[in-house]
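On the provided structure of chain A, position chain B as indicated by the hints.
Residue numbers (the numbering used here), protein chains in the order written: chain A, 117 to 228; chain B, 42 to 152.
These aren't lab readings, by the way, just hints derived from the structure by calculation.
Errors might be hidden in some of the hints.
Unchecked claim - Pairs of lysine to any residue residues, derived as SDA-like cross-links and limited to a Cα-Cα distance of at most 20 Å, are as follows:
#  : chain 1 : residue 1 : chain 2 : residue 2
1  : A       : K223      : B       : G81
2  : A       : K220      : B       : F110
3  : A       : K154      : B       : K54
4  : A       : K172      : B       : T140
5  : A       : K215      : B       : K54
6  : A       : K210      : B       : G138
7  : A       : K154      : B       : P145
8  : A       : K220      : B       : Q82
9  : A       : K215      : B       : H70
10 : A       : K220      : B       : D126
11 : B       : K54       : B       : P102
12 : A       : K223      : B       : A79
13 : A       : K172      : A       : N134
14 : A       : K220      : B       : N100
15 : A       : K215      : B       : N96
16 : A       : K215      : A       : I160
Since we're looking at a predicted model, the values are computed, not measured.
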Amino acid sequence: SQELEQSPQSLIVQEGKNLTINCTSSKTLYGLYWYKQKYGEGLIFLMMLQKGGEEKSHEKITAKLDEKKQQSSLHITASQPSHAGIYLCGADIKGGSEKLVFGKGTKLTVNP
Amino acid sequence: ETGVTQSPTHLIKTRGQQVTLRCSSQSGHNTVSWYQQALGQGPQFIFQYYREEENGRGNFPPRFSGLQFPNYSSELNVNALELDDSALYLCASSLTGLTQYFGPGTRLTVL
Chain A
117 SQELEQSPQS LIVQEGKNLT INCTSSKTLY GLYWYKQKYG EGLIFLMMLQ KGGEEKSHEK
177 ITAKLDEKKQ QSSLHITASQ PSHAGIYLCG ADIKGGSEKL VFGKGTKLTV NP
Chain B
42 ETGVTQSPTH LIKTRGQQVT LRCSSQSGHN TVSWYQQALG QGPQFIFQYY REEENGRGNF
102 PPRFSGLQFP NYSSELNVNA LELDDSALYL CASSLTGLTQ YFGPGTRLTV L
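Bound-form chain A, shown alone (with noise of 0.2 Å):
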């Protein structure tokens, strides 16, 4: 089974709409890593989160680790195209780990 979840495997906004993309582990989050990948492409790091409660912002991007640090959210206000491409979350699940398991990914589309 993947370790971790990540939900939904698919997304089409229309521009301007807010979004939120879950993912979910089994297992402690030692650390969470939000990544960005267009098809075909190397990933490009987001935002890392740590502490449980954590919550971190990046323009219009807001990624948190809930406080049981076994779910992490990634938050997109006022959509734009340019959001578009595949959102991964990461995790070490091992502490102090430097592998990192990955979910399936999010295909985000955002509509002009």
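Coordinates of chain B only, in the frame set by chain A:
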């Protein structure tokens, strides 16, 4: 731009052949991790190199091997290629324990 580069961009091989993929890490980074990403999936950890030594390995067979050089660049070698090895291969560089920054990837197709 992360400063992590990979070569080649694309590669086509046939079953049974061997392939070498290369990665140059971001300046100042001493750790390189390699991931395999199949179509429609998230990246899967292959292994990591820290100061020229393997520092963790995922569930990949021994025909997947690697090297890290004194300048922290790295190679991924795959022997006896199989059709299922077709994927995007990503390398990521970091300072140990910190955020991993990914390169653009190498698309490998095995026919």
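Next on the checklist: Output the indices of the hints that this structure fails to meet, ascending.
Outcome noted: 2, 3, 5
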